[in-house]
Amino acid sequence: MRARTAALVAAAVPVTVAAAAAVLEAGHWQLYADRHRIELRPQPRRSCPDCRGAGGWWVDGANPEMEACGCWAYRTELRIRLLPVPAWQDEPPF
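Numbering of the sequence shown is given in our numbering, commencing with residue 1 and proceeding in unit increments.
Hints were generated in silico from the structure; no laboratory data involved. Since the model is a prediction, treat every value here as computed from it, not as a measurement. Among the hints, erroneous ones may be present.
To be verified - Label-pair ranges, simulated between beta-carbon atoms:
1) PRO92 - TRP57: 23 to 33 Å
2) ALA20 - VAL85: 23 to 33 Å
3) ARG2 - LEU78: 33 to 43 Å
Don't be surprised by glycine CBs; every beta carbon is placed ideally from N, CA and C.
Generate the whole structure from the sequences, applying the supplied hints.
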């Protein structure tokens with residue numbers, strides 16, 4: 001019985017990973033994970049008629065700057081904090 005359960009779990013893991021990758025791609029999300037956090041960041045849509053997947057456009061004038069497209073800029077970033085980030089040391093250790 002345990003061997004069959006282990007085989008089912010081993011077979012389910014690649015299917016779950018493939019399904020998660022397809023959902024992230026379809027929803028235009030980028031996954032980032034390390035030991036301090038897990039983040040889901042929105043990505044620009046390639047089919048956007050305004051930016052065509054570039055994520056924005058440059059505004060001309062005296063101070064040119066990038067204006068973000070609404071296809072990704074107004075979507076919230078999802079973040080789960082895991083471990084605290086260690087503080088920077090002011091002086092090097094001796």
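To see whether the hints hold, each was checked on the structure:
no.: 1; hint: PRO92 - TRP57: 23 to 33 Å; result: violated (45 Å)
no.: 2; hint: ALA20 - VAL85: 23 to 33 Å; result: holds (26 Å)
no.: 3; hint: ARG2 - LEU78: 33 to 43 Å; result: holds (36 Å)
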